[in-house]
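The listed protein sequences correspond, in order, to chains A and B.
If you're matching positions, the first sequence starts at 1 in the UniProt record's numbering and goes up one per residue.
If you're matching positions, the second sequence starts at 1 in the UniProt record's numbering and goes up one per residue.
One thing to keep in mind: the hints can contain errors.
Because identical chains share one entry, a pair is satisfied inside a single copy or across any pair of copies.
[Claimed, not checked] Calculated lysine to any residue pairs in the SDA-like style (CA-CA distance at most 25 Å, straight line):
| id | residue 1 | residue 2 |
| --- | --- | --- |
| 1 | K178 | N239 |
| 2 | K377 | Q207 |
| 3 | K67 | V40 |
| 4 | K377 | T3 |
| 5 | K377 | P294 |
| 6 | K67 | E322 |
| 7 | K377 | M1 |
| 8 | K67 | I320 |
| 9 | K178 | H92 |
Since the hints were derived computationally from the structure, they do not count as laboratory data.
2 protein chains.
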Amino acid sequence: MDTRTGLPVVGMIGGGQLARMTHQAAIALGQSLRVLANDVDESAALVAADVQLGSHTDLDALRTFAKSCDVVTFDHEHVPGEHIRALVAAGHKVFPGADALQYAQDKHLMRRRLSELGAPVPRWAPISSAAELVAFGLPAVVKTARGGYDGRGVFVVNDVEEIIDLLASGAELIVEEKVELRRELAVQVARSPYGQVAVYPVVETVQQDGICVEVLAPAPDLAEDVALGAQELAIRIANELGVVGLLAVELFETPDGLVVNELAMRPHNSGHWTIEGARTSQFEQHLRAVLDYPMGDTALAAPAVVMANVLGGPDGGMSIDERLHHLMAAEPGVKVHLYGKQTRPGRKIGHVTALGDDLADCRARAARAGHWLTYGKALEA
Amino acid sequence: MDTRTGLPVVGMIGGGQLARMTHQAAIALGQSLRVLANDVDESAALVAADVQLGSHTDLDALRTFAKSCDVVTFDHEHVPGEHIRALVAAGHKVFPGADALQYAQDKHLMRRRLSELGAPVPRWAPISSAAELVAFGLPAVVKTARGGYDGRGVFVVNDVEEIIDLLASGAELIVEEKVELRRELAVQVARSPYGQVAVYPVVETVQQDGICVEVLAPAPDLAEDVALGAQELAIRIANELGVVGLLAVELFETPDGLVVNELAMRPHNSGHWTIEGARTSQFEQHLRAVLDYPMGDTALAAPAVVMANVLGGPDGGMSIDERLHHLMAAEPGVKVHLYGKQTRPGRKIGHVTALGDDLADCRARAARAGHWLTYGKALEA
Chain A
1 MDTRTGLPVV GMIGGGQLAR MTHQAAIALG QSLRVLANDV DESAALVAAD VQLGSHTDLD
61 ALRTFAKSCD VVTFDHEHVP GEHIRALVAA GHKVFPGADA LQYAQDKHLM RRRLSELGAP
121 VPRWAPISSA AELVAFGLPA VVKTARGGYD GRGVFVVNDV EEIIDLLASG AELIVEEKVE
181 LRRELAVQVA RSPYGQVAVY PVVETVQQDG ICVEVLAPAP DLAEDVALGA QELAIRIANE
241 LGVVGLLAVE LFETPDGLVV NELAMRPHNS GHWTIEGART SQFEQHLRAV LDYPMGDTAL
301 AAPAVVMANV LGGPDGGMSI DERLHHLMAA EPGVKVHLYG KQTRPGRKIG HVTALGDDLA
361 DCRARAARAG HWLTYGKALE A
Chain B
1 MDTRTGLPVV GMIGGGQLAR MTHQAAIALG QSLRVLANDV DESAALVAAD VQLGSHTDLD
61 ALRTFAKSCD VVTFDHEHVP GEHIRALVAA GHKVFPGADA LQYAQDKHLM RRRLSELGAP
121 VPRWAPISSA AELVAFGLPA VVKTARGGYD GRGVFVVNDV EEIIDLLASG AELIVEEKVE
181 LRRELAVQVA RSPYGQVAVY PVVETVQQDG ICVEVLAPAP DLAEDVALGA QELAIRIANE
241 LGVVGLLAVE LFETPDGLVV NELAMRPHNS GHWTIEGART SQFEQHLRAV LDYPMGDTAL
301 AAPAVVMANV LGGPDGGMSI DERLHHLMAA EPGVKVHLYG KQTRPGRKIG HVTALGDDLA
361 DCRARAARAG HWLTYGKALE A
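If we strip away everything but chain A, and leave its shape as in the complex, we get (with noise of 0.2 Å):
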């Protein structure tokens, strides 16, 4: 507790946009964010008055920062089970737990869990071998057990020379049949040690080249008993797993109905939109379930609500700063979210939402305002 407010300390390990934009919600609370950050110029760290600066695999530095915590979370999974084991067994708080975790780590162990609990996948197997790909059936999915994320370590495999070297690498890999996509969904929900879970409804998330660059919420013409479905499904999960905090819950719909693509245990890029489009952001709400307090309302705060990635972009010879204005004077209802990163290309940079009553004007909206902050330039009719 802080003895200056009476209020919790939440550690979060990272300091990237999610711990960030976690700090945000953390203010409105009566707190202030513990940031654990690599440096000082990452993006939480930029803003966070209480920042200590280490490694999220060095496990004095993570010793230290969770004794002044009340819970300790993360910005990102990449720390160690056997860390965050540590921790638990030193006597602190560590949501989500390792358990829990390692599902979101490690994508053969989350497929084969998901398998035995009978929740929908698309046909997959590990592979050790040339061999085994090719007994799996080409086309397919090939994606390393740890260590991907925004598309990297997934690989669209026609012919298994693609991946020869990949497969001498060593790697733990998996394979997956390459699903008939109509397009892709996501879920976010939280769940508190207590067990309270509360869902957000279903949305569309639009990629490119492996990243998300569009959210839609709620997702369009999408029966409601398959969006009830999926909110079940991702409740489901987050108990079965023991997840505290948020988790994200990633869908491809097919012909043949949804199937899970893969799990994120923290705020998630696909609940961005949350921030003014929900009456809980997502950041407050991981906050409300890993401290245990009561879930807050996860209802819409517009009939229709876009989110859109900025991406870094060309240089163009336009400041970040000279986009923003061009942005605000086109579009002055859109929000706009800025990470405080350097401009490199494809990084993601920050997001821009819309919100109202008509979902296509929110997409032209949202698509406009993040074209300006892209590239520096108004987006062609």
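Given the coordinates of chain A, assemble chain B onto it according to the supplied hints.
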């Protein structure tokens, strides 16, 4: 400019809750608010990464502070005008400027200027003796020209004897007629150096003992022409006084129409509802204004928005953290803002906001939530 982000640095003098909430808004815009605070335990100093300790009356501290900012602005109105002029003379941007801010610092100057402009004000006069007060007529409202806030420095006087000590103190005083008050209203308007203005819907403010306890947005049962007139008045005052940043115009509704009560040139308690209740919060709008960014949309985010202040209450044997649990369980849709302050009876320690379709429902929810935080028990029906 912050060379790490390519975005401007706004410095705010004063480390209270207004700076705290402005920091939240700055984070979204890719910035980090720089704060000049008296103490490490002040509301904003607890949460901001970039804090300089120093007094707002110490010109050397102000000079050091201003050197590291692109623009300097204020959490309160207590910085001496000559210090502001000295910073501007040294080449710093300071908004609002001393010429505008004097009207928020000195009620005598404000009343004289508004009278010159033909703006509606209560009948008033400067007084320096009991005889002048009697000549003005009693009962009346006597105010110290400088230094008052939250009802301090304001005296409803029925008999000269009641303020005989004040009259003898040498404090500069004005007297105003005790208007027949139907209710109090307020309007927020933001103005940029370029002169762009953005005005928010008119709200009703409910006061107790001179402290704002509740704000209803939009003001219920207000004729459209009266609302429009109030917005036009606020815009005219902002323009005539050369305000840059937020201006809050507090109004009395009387049988003869609206009259101006007070002016504040900063984000203001009567605008806290905008955080969730308007597309652009007053804190973001203030940053946009002082940076000469295009203004944001001021539209309501819900048909009805109610803010209730949370004051420090009796101890009652329940910690603020326990009170927060009860509030969250009882009112999952109410938004909480705690300022990280030690509880003292009557001190503003936070606020809550309820949004929805029905004003009466929002008032009831906000009242229940505020009651839990203030008293640590349920509001009796």
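Verification of the supplied hints:
1. For a Cα distance limit of 25 Å, the shortest separation of K178 from N239 qualifies neither inside one copy, at 28 Å, nor across copies, at 63 Å.
2. Taking CA atoms no more than 25 Å apart as the test, K377 paired with Q207 passes inside one copy only; the shortest distance there is 22 Å, against 48 Å between copies.
3. Taking the closest pair of Cα atoms, K67 and V40 come within 25 Å of each other both inside a single copy (21 Å) and across two copies (22 Å).
4. Taking CA atoms no more than 25 Å apart as the test, K377 paired with T3 passes between copies only; the shortest distance there is 23 Å, against 49 Å inside one copy.
5. When the C-alpha separation of K377 and P294 is checked against a cutoff of 25 Å, the pair qualifies only between copies, where the shortest distance is 17 Å, while the shortest distance within a copy is 45 Å.
6. Proximity of K67 and E322 under a CA criterion of 25 Å is satisfied inter-copy only: 23 Å between copies versus 43 Å inside one chain copy.
7. For the homomeric pair K377 and M1, the shortest alpha-carbon distance between copies (22 Å) is at most 25 Å, but the shortest distance inside one copy (48 Å) is not.
8. For a Cα distance limit of 25 Å, the shortest separation of K67 from I320 across copies, 23 Å, qualifies, whereas the shortest one inside one copy, 39 Å, does not.
9. For the identical chains of this complex, K178 and H92 are neighbours neither inside a copy (42 Å) nor across copies (60 Å), given an alpha-carbon limit of 25 Å.
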